[in-house]
Amino acid sequence: LAKTTQPISMDSYEGQEVNITCSHNNIATNDYITWYQQFPSQGPRFIIQGYKTKVTNEVASLFIPADRKSSTLSLPRVSLSDTAVYYCLVGDISSGSARQLTFGSGTQLTVLP
Amino acid sequence: EAQVTQNPRYLITVTGKKLTVTCSQNMNHEYMSWYRQDPGLGLRQIYYSMNVEVTDKGDVPEGYKVSRKEKRNFPLILESPSPNQTSLYFCASSLSGGSSYNEQFFGPGTRLTVL
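Residue numbers (the working numbering), protein chains in the order written: chain A, 3 to 115; chain B, 728 to 842.
To be clear, the hints were calculated from the coordinates, so they are not data collected in a lab. Hints may contain errors.
[Said to hold, decoys possible] List time: in silico DSBU-like cross-link candidates among lysine-lysine, alpha-carbon distance up to 35 Å:
| no. | chain 1 | residue 1 | chain 2 | residue 2 |
| --- | --- | --- | --- | --- |
| 1 | B | Lys-744 | B | Lys-796 |
| 2 | B | Lys-792 | B | Lys-744 |
| 3 | A | Lys-71 | A | Lys-56 |
| 4 | A | Lys-5 | B | Lys-784 |
| 5 | A | Lys-71 | A | Lys-54 |
| 6 | A | Lys-54 | B | Lys-745 |
| 7 | B | Lys-796 | A | Lys-5 |
| 8 | B | Lys-798 | A | Lys-5 |
| 9 | A | Lys-71 | B | Lys-784 |
| 10 | B | Lys-745 | B | Lys-798 |
| 11 | A | Lys-54 | B | Lys-798 |
| 12 | A | Lys-71 | A | Lys-5 |
| 13 | B | Lys-784 | B | Lys-796 |
| 14 | B | Lys-745 | B | Lys-784 |
| 15 | B | Lys-745 | A | Lys-56 |
| 16 | B | Lys-798 | B | Lys-784 |
| 17 | B | Lys-798 | B | Lys-744 |
| 18 | A | Lys-56 | A | Lys-5 |
| 19 | A | Lys-5 | A | Lys-54 |
| 20 | B | Lys-792 | B | Lys-745 |
| 21 | B | Lys-745 | A | Lys-5 |
| 22 | B | Lys-745 | B | Lys-796 |
| 23 | B | Lys-744 | B | Lys-784 |
| 24 | B | Lys-792 | A | Lys-5 |
Bound-form chain B, shown alone (with noise of 0.2 Å):
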């Protein structure tokens, strides 16, 4: 099944404590991108990676890290996590050429809590 699956789907940590939050697709998608999403503002891209060994930062990439050594995996590290990075996090996926330049595929989403 064609899919971007995320790990963990629910952590809470502390302040402090390095984390690092897995993505995964299967599709052989080139571009691959991390989004937060906070109640009332939306979905804010953190970093966005057009390839393997290309990212680049989004909206709000302040506190986060990327890396993309493999074209199926992107993930998303918090050096030193703060309660202000407490969200719902989406990993997505995307051919980037063809018909649907921008169709999406999202994943299932990773709740973070900083205490």
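The following block holds chain A by itself, in its conformation from the complex (with noise of 0.2 Å):
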């Protein structure tokens, strides 16, 4: 089962581009790596999500290496509105595979004006 390990806390200024990164050392060859943003008293919400090298989307990128031991998300120009918790997940659903997926503790964004 692969585990993640995040900072738990960045901070960050307005119109600043945030990475955050996430480790996952045994992460298994069908696992994909997703990212969640979660503000209090919310569920998660689903950001991005990769196999492997740079995957883009309106809100964010995620770049993972070729040994996949490890994910960066790029939040380009963030504004307050963006503080919130940001969980990286390793896992994989796709059917027929009954997989159990774990979220790490996750990262308080503090963005600050």
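Got two chains here, each in a separate frame; can you build the complex from them with the hints?
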């Protein structure tokens, strides 16, 4: 079961790019890497998912090195509303593959004005 | 509207009194899961289900039961709640195939207090 490690907290200022790294040394061949955002008293919300190299969508980029033992979530030009907890999740729930999914303890990102 | 619903949203109960937290999704998802969230511990998976009549233990299954008799519903049952089960509970669902294998949709949460 792939365990993830993230920094407990990070601070940034509005307009800056933020990079949050997650370590997952024992990631399995079939595992995907997924990031979620969570605001207080709400359920987590999917941000981005990747398997290898780089993935980009309208809100973030995900960088995954060749060995896949870590990944970096990149948030461009953050705003105050990006203040939240960010979770890295490693696993695979593709059809026919009954796997547990383990969230890390998350990174509290605080964006300052 | 595509969503995951949970009921109740808030519940205060006493030790030993059986309770059920319901979870329902309207997206025809195969995969459903229950998590609990405690301060400093992040989200921990309790049970998950790959499809109807298929359930399996997550990281912290002790003291909980689940069932998956219908695709849309995945109730969480606490047969004899104890104070250490006081927590914030989230239900989630996902397609188990397709391009976003791990995009889970979470419910609004159920805050449970066991006295």
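Hints, verified against the model:
1. Our distance criterion of 35 Å between C-alpha atoms is met by Lys-744(B) and Lys-796(B), whose separation comes to about 23 Å.
2. Our distance criterion of 35 Å between C-alpha atoms is met by Lys-792(B) and Lys-744(B), whose separation comes to about 14 Å.
3. The straight-line distance between the Cα atoms of Lys-71(A) and Lys-56(A) is roughly 14 Å, inside the 35 Å bound, and the hint therefore holds.
4. Between Lys-5(A) and Lys-784(B) the CA atoms are separated by roughly 17 Å; this keeps the pair inside 35 Å, and the hint holds.
5. Taken as a hint, the Lys-71(A) and Lys-54(A) pair is honoured in the structure, with Cα atoms around 10 Å apart against an allowance of 35 Å.
6. Our distance criterion of 35 Å between C-alpha atoms is broken by Lys-54(A) and Lys-745(B), whose separation comes to about 45 Å.
7. For the hint pairing Lys-796(B) with Lys-5(A), the CA-to-CA distance comes to about 31 Å; that is within 35 Å, so the pair holds.
8. Note on Lys-798(B) and Lys-5(A): the hinted pairing holds, with a Cα-Cα distance of about 29 Å set against a maximum of 35 Å.
9. A hinted pair counts as satisfied when its Cα atoms are at most 35 Å apart, and Lys-71(A) with Lys-784(B) qualifies at roughly 26 Å.
10. A C-alpha spacing of about 24 Å is found between Lys-745(B) and Lys-798(B), which places the hinted pair at or below 35 Å, so the restraint holds.
11. Only pairs whose Cα atoms come within 35 Å are accepted, and Lys-54(A) paired with Lys-798(B) is accepted, the gap being roughly 32 Å.
12. Proximity of Lys-71(A) to Lys-5(A) is assessed by CA-CA distance (about 11 Å); at most 35 Å being required, the pair is judged to hold.
13. Straight-line distance between C-alpha atoms of Lys-784(B) and Lys-796(B) comes to about 17 Å, which keeps the hinted pair within the 35 Å bound.
14. Simply put, Lys-745(B) and Lys-784(B) have alpha-carbon atoms about 20 Å apart, close enough for the 35 Å limit, and the pair holds.
15. A C-alpha spacing of about 48 Å is found between Lys-745(B) and Lys-56(A), which places the hinted pair above 35 Å, so the restraint is violated.
16. Distance check on the hinted pair: Lys-798(B) and Lys-784(B) sit about 18 Å apart at the alpha-carbon level, within 35 Å; holds.
17. Of the supplied pair hints, the one linking Lys-798(B) and Lys-744(B) holds, its CA atoms being roughly 27 Å apart against a limit of 35 Å.
18. Annotation: proposed proximity of Lys-56(A) to Lys-5(A) holds, straight-line Cα distance about 21 Å (limit 35 Å).
19. For a cut-off of 35 Å, the pair hint linking Lys-5(A) to Lys-54(A) stands: about 18 Å separates their Cα positions.
20. At most 35 Å may separate the alpha-carbon atoms for a hinted pair to count; Lys-792(B) and Lys-745(B) meet this at roughly 11 Å.
21. Using a Cα cut-off of 35 Å, the hinted pair Lys-745(B) and Lys-5(A) holds, with the two alpha carbons roughly 33 Å apart.
22. As the CA atoms of Lys-745(B) and Lys-796(B) are separated by approximately 20 Å, the hinted pair is consistent with the 35 Å bound.
23. Between the alpha carbons of Lys-744(B) and Lys-784(B) the distance comes to roughly 23 Å, so the proposed pair stays at or under 35 Å and holds.
24. A threshold of 35 Å between alpha carbons decides the hint, and for Lys-792(B) with Lys-5(A) the separation of about 25 Å falls inside it, so the pair holds.
When the structure is compared with the earlier hints, violations turn up for hints 6, 15 and for no others.
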